[in-house]
Every structure is written in structure tokens, then in C-alpha cells.
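Engineer: What follows is each chain in one-letter form.
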Amino acid sequence: MSQQAHAAPGGVRLAHHFDDLQQQHESAQLGMWAFLLTEIMFFGGLFLCYIIYRNLYPHAWELASHQLNVLMGGVNTAVLICSSLTMALAIRTAQTGGGRIPQLIWLSLTLVFGATFLVIKYFEYVEKFKHGLIPGPSFLTSGHNPEIFGEELRHARIFFSLYFIMTGLHAFHMIVGIGVMLWMMRCSWKGMFTPTNYDGLEMFGLYWHFVDVIWIFLFPLLYLLGAHAAGGGHH
Amino acid sequence: MSDEHKHHIVPLRHYIGVFLALIFLTGATYWTALMDMGPLNTPVAMAIAIVKALLVVLIFMHVKYSNKLVKTMVVASALWLAIMFGFAGQDYLTRSWLG
Chain A
1 MSQQAHAAPG GVRLAHHFDD LQQQHESAQL GMWAFLLTEI MFFGGLFLCY
51 IIYRNLYPHA WELASHQLNV LMGGVNTAVL ICSSLTMALA IRTAQTGGGR
101 IPQLIWLSLT LVFGATFLVI KYFEYVEKFK HGLIPGPSFL TSGHNPEIFG
151 EELRHARIFF SLYFIMTGLH AFHMIVGIGV MLWMMRCSWK GMFTPTNYDG
201 LEMFGLYWHF VDVIWIFLFP LLYLLGAHAA GGGHH
Chain R
1001 MSDEHKHHIV PLRHYIGVFL ALIFLTGATY WTALMDMGPL NTPVAMAIAI
1051 VKALLVVLIF MHVKYSNKLV KTMVVASALW LAIMFGFAGQ DYLTRSWLG
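Protein chains in written order, with my numbering: chain A, 1 to 235; chain R, 1001 to 1099.
Hint data in this document are derived by calculation from the structure and do not stem from the laboratory.
Some hints could be false.
Partial pick of chain A residues on the chain R-facing surface, computed with a CB cut under 7 Å [claimed, not checked]:
(1) Glu26
(2) Met72
(3) Val75
(4) Thr77
(5) Gln95
(6) Gly97
(7) Leu224
Please read all numbers here as calculations on a predicted model, not as lab measurements.
All residues carry an ideal CB built from backbone N, CA and C; glycine is no exception.
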């Protein structure tokens, strides 16, 4: 291993403990997937909670689900899919040696989509606060909750606990993602991602797509459950 | 040991195709949710979600073009998830059998 290999131009950075860039790339991929596996299990626990409580209180789940804004949730699903496409294209630009500016354009677009998601989520949360749909002692008396949920009032509160934990944790991942995105954009600006080594950007892409996959499951499970039986309830 | 290895570069039209499929399937999720299919609503919604997740994982996340170790890791995560859901599920499912 010559020193030149470590400091070669064009962003080629090979750590001394790897034989070559291929091995370095595959190790990064494996490590990132190991991390994502822990994330899948971590979110999986919450999905398990959801399944168990939904089976215990199916009617409360339907009533509570109707209080969510399907339009906002649906638009956010589309926004995240767009952000995944632009993320994939940012990495593709690095792979094909498209240069810094196209990379930065795709990354900026991804950033904008990510931020749009969070802004919409913010307005959704505000709506829930306004209607008193916040799990806590006040849930039992505030807004129209007693009329809407009737006998299922306490069980509906469990739904909203899970709604806020699951979407909140997802939103937290988005915020972290945007933070890392800014760092990636700085690296991209410095020309660190080239066709021979764009590992950092690709690993970040895996994280970004993973967060999208979580939302792909959250949307139907939280927003669309029992939509066919919607008997109003939207404020 | 060369630095000239080539990673698989996914053709642009595949990315666009996956994107369009994801948007279409999101519409399909909404549309099927409006239909009353009795106990089938959730399985249908989950089937669509799994297809969407597979598209993202295989194409956007490049797992289709990754080595066997990475593929094993992905399958392992599904397996561990199934163990967690399966074991907890059989407990709750059979509690009422005790009467």
C-alpha cells in the first residue's frame, strides 16, 4: 500500500485497513445495512405495538384513524417518493462523474422535499393540538373527543399515543437526515464524491431511502385504515 | 487489486420507472382503502406497501446489484422481524382460546 493511494487526486480515499476500494465499498455497505437492521427492529417494536392494540380495539382504531388528515398524509407520501428519486439521482450523478453542480442540485431538491415533508407534518400536528387529540389526561375531556369516540375514548387515546410516537420518531429521522444532508452537500461542494469513491453519499442515500420505506408502511396503517367506512368525523 | 472496478449504474429510465410505479401504487393504496373488502382491506394495503418497499430496497437502495452478504443482511432483517411479530402474535392470538 503506497502512500500515493491514500492521497490520490480525484477524491480517491482508501483507508489503510482495506485492500482496495471495492472492499472498502462493500464493507461500508455491510456496516450501513447492519445499522439499518437495528433501525428496522427498533421501528418494528412500535409496529408490533400497533398490531397488538389494533387487534384488541379495532373499533377505536377506525374511529381514531378517521381523525387524521388523509390528504396531508397522501401528499407527504408523494413528497417522500420524490425525495427518494432525487436522492437516487444525486448518487447516480456521483457515479457517472457528473460534477459538483448537478450533484448539489439533486441534493438541494432532496433537501427541499425533506423540508416540505416536515412543514406539512408541522401543520398536521398543529391541527391535532387544536382539536385536543393529544394523548394525556386532557384527551378524555377536550374538544369533541367524548362525542366522537364514546365508549372507545380511552382506547382511541392509545392510538394517538402510537400515532405521535411513530410519526414523531419518523420525523426525528427526517430532521437528522436533513442535518446529515447539509454535511453531504458540503462534501459534495468540496468535490469529494467521484465515480471511484462516493461511499459516503451512497450510505447516506441508504438511510434516506430507509426513512421513506418506514413512511410507506405508516401511511396506510395510520391514515387509511377503515377509510371505506368513513362516516365523517373530519373537522 | 485495481481501483478500476465498476459499480452497477442503474439506467435513468429504471429510476423513473420505479418512481412512477411508487406514485401509482400510492394511488392504488388510497383507492383500495375506499373499497369495503371486509377483512381483506389491511392485507391488500400491506401487500401494496411491501411491493413499494421492495422497489425502493432493490432499485433505489441498489440491493439488487449488491453482493450476497448485503442481500443476506436484508433477508435477515425481514426474518428477525417475522420472528418478533410471529412469537408475540401467537401469544395474543391464542389467549382467548383459554376461555
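Engineer: If a hint holds in the structure, say so; if it does not, say that too.
Structural biologist: Right, here's what the structure says about each hint:
no.: 1; hint: Glu26; in the structure: holds (6 Å)
no.: 2; hint: Met72; in the structure: violated (13 Å)
no.: 3; hint: Val75; in the structure: violated (10 Å)
no.: 4; hint: Thr77; in the structure: holds (5 Å)
no.: 5; hint: Gln95; in the structure: holds (5 Å)
no.: 6; hint: Gly97; in the structure: violated (10 Å)
no.: 7; hint: Leu224; in the structure: holds (4 Å)
Taken one by one, the earlier hints fail for this structure at numbers 2, 3, 6, listed in ascending order.
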